[in-house]
Amino acid sequence: MSAAHYLALSAILFTIGGVGVLVRRNAIVVFMCVELMLNATNLAFVSFARMHGNLEGQIIAFFVMVVAAAEVVVGLAIIMTIFRTRRSSSVDDANLLKY
Amino acid sequence: MSTSTSVSAVLAQSEIPAPHIEYGQIAPILVVFGAAVVGVLVEAFVGRRRRYLVQLPLTAVGLAAALLGTIVLAFDKPFHVAAEGALGVDGPTLFVQGTVLVLALVSLLLIAERQQGHFAAQAAALPGSEAEQETAAAGTVQTEVFPLMLFAVGGMITFPAANDLLTMFVALEILSLPLYLLCGLARRRRLLSQEAAVKYFLLGAFSSAFFLYGVALLYGYAGSVRLSAIADQLSRNAGQETLLLAGTALLSVGLLFKLGAVPFHMWKPDVYQGAPTPITALMASCTTVSAFGAILRVYYVAFENLRWDWRPAMWGVAILTMVVGAVIAVTQTDVKRMLAYSSIAHAGFLLTGVVATSRDGLSGSLFYLAAYGFTVIGAFAVVAMVRDTGGEAAHLSRWAGLGRRSPVVAGTFAFFLLAMAGIPLTSGFTGKFAVFSAAVQGGATPLVVVGVIASAIAAFFYVRVIVVMFFSEPEADGPSVVAGPATAAAVALGLTATVVLGVLPQPVLDLAGHAASQMFVR
Chain A
1 MSAAHYLALS AILFTIGGVG VLVRRNAIVV FMCVELMLNA TNLAFVSFAR MHGNLEGQII
61 AFFVMVVAAA EVVVGLAIIM TIFRTRRSSS VDDANLLKY
Chain B
1 MSTSTSVSAV LAQSEIPAPH IEYGQIAPIL VVFGAAVVGV LVEAFVGRRR RYLVQLPLTA
61 VGLAAALLGT IVLAFDKPFH VAAEGALGVD GPTLFVQGTV LVLALVSLLL IAERQQGHFA
121 AQAAALPGSE AEQETAAAGT VQTEVFPLML FAVGGMITFP AANDLLTMFV ALEILSLPLY
181 LLCGLARRRR LLSQEAAVKY FLLGAFSSAF FLYGVALLYG YAGSVRLSAI ADQLSRNAGQ
241 ETLLLAGTAL LSVGLLFKLG AVPFHMWKPD VYQGAPTPIT ALMASCTTVS AFGAILRVYY
301 VAFENLRWDW RPAMWGVAIL TMVVGAVIAV TQTDVKRMLA YSSIAHAGFL LTGVVATSRD
361 GLSGSLFYLA AYGFTVIGAF AVVAMVRDTG GEAAHLSRWA GLGRRSPVVA GTFAFFLLAM
421 AGIPLTSGFT GKFAVFSAAV QGGATPLVVV GVIASAIAAF FYVRVIVVMF FSEPEADGPS
481 VVAGPATAAA VALGLTATVV LGVLPQPVLD LAGHAASQMF VR
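Just so you know, the sequences run in chain order A and B. The opening position of the first sequence corresponds to residue 1 in my numbering, with each subsequent residue numbered one higher. The opening position of the second sequence corresponds to residue 1 in my numbering, with each subsequent residue numbered one higher.
Chain A extracted, bound-state conformation (with noise of 0.2 Å):
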C-alpha cells in the first residue's frame, strides 16, 4: 500500500471527528472526536514523513500525543466541574451566555 492511502484515511478520520464534533452533545464525546481529529493529524504526519523520508514527522507524533494527553487532563477537569454543578454533560444545556 502506498503511503497516500494513509493520508486518505487520516483526512477521513478527521472528517469524522470534525463532524462529531459539530454533531454530538454529550462534552465528552465532542471531547473524543477532538482527539480523533488529533490522532488523524499523526497519521498524516507519519505518512508524511515516509514520504519525505525524514524523521521530523514522526518526532511530531510524539509531540501531539504529548499535548492532547496535556489538554485530556485540563479538559476532563473543566468537564468535571461543570457537570458536578449543573448535573449534565451535554453542551446544550450550557446555555446562559448568548446573544
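Keep in mind that the hints were calculated from the coordinates and are not lab data. Incorrect hints may have been included.
Footprint (simulated), chain A over chain B, 3 or more residues, beta carbon under 8 Å [unchecked claim]:
{"no.": "1", "segment": "120-130"}
{"no.": "2", "segment": "183-192"}
{"no.": "3", "segment": "214-227"}
{"no.": "4", "segment": "268-277"}
A few chain A residues that don't get close to chain B, going by computed Cβ distances all over 10 Å [claimed, not checked]:
{"no.": "5", "residue": "Ser2"}
{"no.": "6", "residue": "Ala8"}
{"no.": "7", "residue": "Ile12"}
{"no.": "8", "residue": "Val23"}
Stretch-level coverage of chain B by chain A, calculated; a stretch enters the list once three of its residues show a Cβ under 8 Å from a Cβ in chain A [to be verified]:
{"no.": "9", "segment": "170-178"}
{"no.": "10", "segment": "197-207"}
Here the structure is a predicted model, which is why all the values come from computation and not from measurement. Even for Gly, the Cβ is constructed at its ideal location relative to N, Cα and C.
Starting from the known structure of chain A, fit chain B onto it as the hints suggest.
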C-alpha cells in the same frame, strides 16, 4: 527506503550530537517558565496563609526579569535564530514579547487584587456547598492563578517567537490550556464562568486540531515545518500546491481563532463575559498581542511569496471582522460582552496591517497592539470596579447615572471608550492612523474605507454608553465604585499609556518602526 537509511545513518553515529541552545537568547522565555515551575512548588510546599505573599512577588519578579531580558536582547544585534532555528529572536518578536510582558504586569495588578476577590478559593468546591463555606471561613485565597498565569504568559511570549510550526503549536497549547482553567475560576456567577471555560476549551481544542492538520499538510508540502523551509519551497515553486493551499487555510483557521476574527469569533463574547474580569483583561490584551505576533510571523516569513493567494481571503476576513464586530456590539446590553465585540472589531482593524504586507504595516500593527492593550486592560479594570451586592454590575442599565455618582471613574471609562473609537489625541487614533495609512500604501484602500465606516458604527455604541453614564438618572440601588489600590493602579497605568501614546506617540512609533526595520529573521 530512504527513511530506513536515514534512521540507520543516525544510529550509526557513535555519539549523537547535542543540539546547540543559545540560553542567553531565549532567557526571557526560560525565566517565565522557571518562575511558573517554582510557583507550582510553592503551591505544594508553602503554608496556605503565606502562599499569596510568596506567589505575588515571585510572579512580578519573574515577569519583570523577563521584560528586562527582552530589553537587553533588543540591543544585541544582529538578530538571529536561536535553539537550532526553533525560535526567532528579532525586532518584531522582541517588541511583541516586551508588550506582552508589560501588559501581563498590568493584568497582574488586577489578578492580585485581594479586596474584591475575583477568584473562587477552591475551584473544585461546588458553589454554595459546605466545602466552599469551609474554605471561605478559613480565609483561603486562590493562589494557583499565579503559576497558571505565568505558564500562559510563557506560552504567549513563545508563540510569536516560534520559527517552526511545531514550536508554534506547542506554544499555542501552553498559552491556551492555563487560560481554559483560569476562565472557570470566577468566585461569583460560577455557572457562567464554568460555561465559558467549557465553551472556550471545546472550541479551542477544535481549532487547534485544525491548526495541527494544517501543519501536517504543510509538512507534506515542504518536508519540514520550519517557516523558512516552507518559504524556500514556495520560491522554488516545487511541491504539491493542493497541500500548500489546504495547509495554509487550515493553519489560518487556528491562528485567526486565537485572534478572534470572524467567522472564528463565536467564543469571544461568551468567554469574555463569563471569565473573571482580570482574566478577561489578560486575554483581551496579552493573548491578542501574542496571537497577532504569530500571525505576522507566519504570513510575513512563510507565506510571503504566496500573498497573491492569501490576501483576498484575508481581505474578506478583515472586512467581515470589522463589520460584524462593530454591528453586533451595537445591540449588546452587557458591558463585558460589548467590550468583547469591540475587541473583535479591533482584531479586524489589526488585520488590515497584515494585508498591507509592508514594513509600515508591520510597525503600525506593533504600535496598535501596544496602544490597544493598555486601553483594553484599563477598560476591564473599570468594569471590575463598578460593583453591587451581586459582584460586578455588568449590565449596561445598571451603569445609568454612574457619571453623577462617580464622575472620575465614569470619565475614565468614557475616555477609554473614546480611545477605542479612535478619537484624536488618544492612542487609538494614532494606532488606527498608522495601520490604515500603511494599508492605503499597500493598495488596500477599500479595506480602509470599510474600516473607517466600522469605526463610525463602533463610535455609536461607545457614545451610547457614555450617554447612559452621564445623561440618565441614577438608580436608587445602583452600583457603587469599589476601588482596590491595585485595580486603581491598573486603571491609572492604562489611562496614562492611553494619553501619552495619543499626545506624544513618536517615541513608541519610533521604537515600533525600529523593531520592524529589519523585519523577521528566517
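For which of the previously enumerated hints does the structure constitute a violation, in increasing order of number?
-> Checked against the structure, no hint fails, so every one of them is satisfied.
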